[in-house]
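J.: With the hints as constraints, model all of the structure from the sequences given.
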Amino acid sequence: MPTRLWSLIWVHGIPIQGVAATAGLIAIQVGIGIVMKAAQVSGSYSFSPSASIVISEFLKLLLSTFFFWRESEQRSDSWPPPSSVSLEGGAGPQYSRLDGDDRAPAPENAIDDSSQAILATDQGDPSDTVPAKDQREIVPSSKSRLSFFLHEFSGDLAQQKTEGIIILALCYTLINNSIFLSYKIADPGTIQLSKSGGTVVTAIIMVVCLGTTISHAQWTAIAIQLCGLILTQYKGDSKTLIMYPVGVYLILVLQLALSASAGVYNQYLVKLNDCSLHVNNMILYAAGASINLVCHLVLRCVNANEPGFFHGYDSVGAIMVVLSNVFIGLAITIVYKYADALIKCFASAVSTGILLYLSPILFGTVLGDLVIIGAGLTFFASWLYISRPAPQKKNQTTDRGPQSNNRIFAAISGIFEKYTGACLGMLTFSAVILVVFLAIPEQTMPGLLSGTTARAADVITSPFQNTFAMVRWNTRLPERIPLIKKYKPFFRAVHVSMPELDKERPAKFHDWETDQAPNTFTIYSAVARSMKMILSTQPLIDGLLYFHFDAWIDPLAWGDLDRNNIWFLNSSDPVYGCMNNTKTRKWWGLDKQFHLPALNATRIVDELDAGYEVQEGYWCIGWSDIYYIPRRFFVDYILLADIFYEYEVFHEVAIPTMVRIINDTYSHSDAEPAVHDIRDCWGSCCSTKPSIENVTMKRCGHKLDYLSEPLRTAFFDKLDGQAQMLAVADAERPAPLQVDTEAYDDDGGNGDGDSAYGSDGGSAYTGSVTSSIYDYQYENGRRYHAYREGQYVLPNDDQEQERLDLQHHIWRLLLGGRLYTAALPDPSTKPNLRILDLGTGTGIWAIDIADEFPSAEVAGVDLSPIQPEWVPNNCRFHVDDYEDEWTYRDEEKFDYIHGRALSGTSSDWDRFYKQALQHLKPGGVMEMQEYDAWIFSDDDSCDRAPWTMEWVNKLDAASKMYGKQINVAQHHKQWMKDAGFEDVREVVHRIPIGPWAKDPALKELGRFELIHMQMSVDSHTPALFTRVLNYSADQAMVLMEGVKREFRSRDLRLITSYRFITGRKASTAA
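Whatever position you read off the sequence shown (first residue = 1), add 52 for my numbering.
It should be emphasised that the hints constitute simulated quantities derived from the structure, not laboratory data. The hints are all genuine.
Quick list of the computed label-pair ranges, beta carbon to beta carbon: (1) Val368 - Glu665: 42 to 48 Å; (2) Ala75 - Glu761: 42 to 48 Å; (3) Arg637 - Val368: 33 to 39 Å; (4) Ala269 - Arg1037: 48 to 54 Å.
List time: in silico DSBU-like cross-link candidates among lysine-lysine, alpha-carbon distance up to 35 Å: (5) Lys1006 - Lys1096; (6) Lys1029 - Lys1006; (7) Lys741 - Lys555; (8) Lys750 - Lys540; (9) Lys1029 - Lys973; (10) Lys584 - Lys1050; (11) Lys537 - Lys750; (12) Lys584 - Lys538; (13) Lys1055 - Lys1006.
Keep in mind the model is a prediction, meaning the values are calculated, not measured. We put the CB at the ideal spot given by N, CA and C, even for glycine.
T.: Structural data, given as structure tokens:
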């Protein structure tokens, strides 16, 4: 090695062995964390942790046996000992260490970071010597090596405190099993950092049990260390202010306590026993393997999902876990020869920093807000503890056992010696029970660890909890349906599409759970039928995921899914792409002229003049076995699918081309693309023979061979395990509304709304009020606003104002008379609230909130000046367009922003919410009160209401063509999250249209909603249908009357939905 390089390594007298030891210790600690976390599949292990421990302990038993064999050979070669060597008093021949190197002894109190005990090697006596055996029979050298080995083993075993080592094995059984749990519920950085807390536990145990003296500086270091650890876990945006639930920290503390106790007890046993260290290890590992085997067998009996003993070892991660557990003790023994206390402290600090840095990158961990400060304090405290030991008193000994220092321990020791067998049996039983609790915490500790993942304790929910899954078979294989139904916990519904599934039903049969579409090549038509059904009956479904039955999906691995956009495969043959000639790409379908029908279909789409962007002469191809369509594109997909189906376009041409049309139509230079690629799926349309590692590690792929039992079992066992730990939030389908069979009046009561409030104040209009505002526009007999003419398609005349006031009454009925659901401060504690009401309409909500908060400043914004002139003094109205740039100054930011029924008024919701967030004070709240511009039913009422369903479909299509889609209420929650709001919540209320519900409160709501919906038909229809869809006034009137007649029908049970969405701005500015 060049001199210059030596000088860089050998700095300031630090030996190269020390540098190598530091690097080795860092590599070991980082490697453990990464291996234990990387071996998981979607947050769990595909193998049995208890079985892997058995295998590890058995391999370590073989390793220890090998080392003792070498030691017995050394004894045989040197027998009889020289006369100068005493056979008494502990000065016998020095025996080999675990690594077979006798040059350096193991350091005092070294604790194995992996909690894999190498008895008396990691925690052993510095002398590392074994006294000669008192009065041992001298074995002639003529004896065979095996006989001598057995003789030496039995001699050492006779002097061993076997029951003490069994207790140690029980401790390490708990430690090793708790390690697997800790890496499931926390990130490697936090776990490595928490090990610093072992100093506290070890110090307490050594003081109490061994009478060790701790200096004042060390107690100070312990206090600093605790403070540092607490700071690392601080999370300001969490309700509990910590990263993980309390149960996670209890598990980590339990693991620390066990590790520290085992280390101290191990040290005591080393000083107590006069035999070979390798014999100690052999007993320890034999006991550990036996105890963990019992644990595994018990788990197999009580937990149906516990993997088999040898299951899961076709994965590299599983093998690495076993190997790391086997060889980590050996590696640490070698490293610790040259690692003094400061080196160990430094290495731990560096390895913790590396793991804290890697955890967010590799495992998506969200670290605490003060992790750098807390970690720094922790490392400083560790250095202080090591560098300021208590002075050693003269003649002080440190090898006292627990019983010599404490009467309680002496009493316990006496009982144990008297009833050794019974005590060991009871301890073993307790250890096995604790292992079971640790192995299946979802069942044994429900709620204690809930919401724990590597992402800072978010609740484990399926990204598809509000998604409709549609699974397609090419042929009739009903025996495989039960396996596909295992996806059910992750989705709102799982739909099976299989030809001839029920031969007694027609081929076109299609309901919520099944369809029998005969042709897979035009399966997109059946997908469109499912979308129509969803739009008619299911307001909470946010999208549809289609996949082929022998494709696989890992439902929990799609947390990055943007549910507002299409997701389409772009990874394998045929790779997604568009072209205008067949020479561009090589694909068998082009040879069969599959593209020609697509050209005819795209020509028809272009001729519709419906606003779709179509590239003339182009078609697309792509692997279409897995794709996701969000609800906002359902209407487009349905329209395009109907056209492409007429020309029988092959699905791997039709679907990619439809996706391209949607993307080109809704994606512009200043907007995000409407389609995102899926590039990490395994395989292609015709790939076969994935490995078990592929189906358990990849989040999607094709194809899953159902005839391969190991492959099938590996995937669906993993799916079962994920389903057990799944906590689906707000995902249960709403219970059907109970119907009152008694007759009711068709008119549903009267439509009077709340009266307006009066005030002594004068005119409240400010801002852009000009005479042009009052130059109202009239169309189809209805009056519309003149300011920013054309920006809003609903009228503003007296009839519309009555509708808005009636709607205000319905909102208040839903909330029991309240005006909001957000958590607003008490006016007495925060008197000067600033409140903004967007789209204030008649101003009735703003007036009511001004009365409720008399000390607040309330501002209402609307395009129409239709608010009353006499209002509370603290209420002001501005005629303005909130789609413009907001001009409020920093000192004018709001505590609460409210919007109601704004769907259909904005062309850019992302910008809308970002502006709202910008103009909220830190900690301020926004609330949107929206209704779904759609009609639903719990029975077949929608199928029997053709006027109504035509109206909602065309109303939504017209609003999209106009540029301000009206049926978007279900997207506000996600839009609010995307803008940066925190603690976003949504509550959905389902309201009957008419007084047909059995519940008295719903009956009352239904009576008012019937009147309101009839008025909504009159206000929402004329402008959109005549301006956009080119209806004549008479045509629009016929449709409107047909819809209102169905609303009044006693035979229909139609439902609408109202939503309350709230979000909060972060308490501190970014």
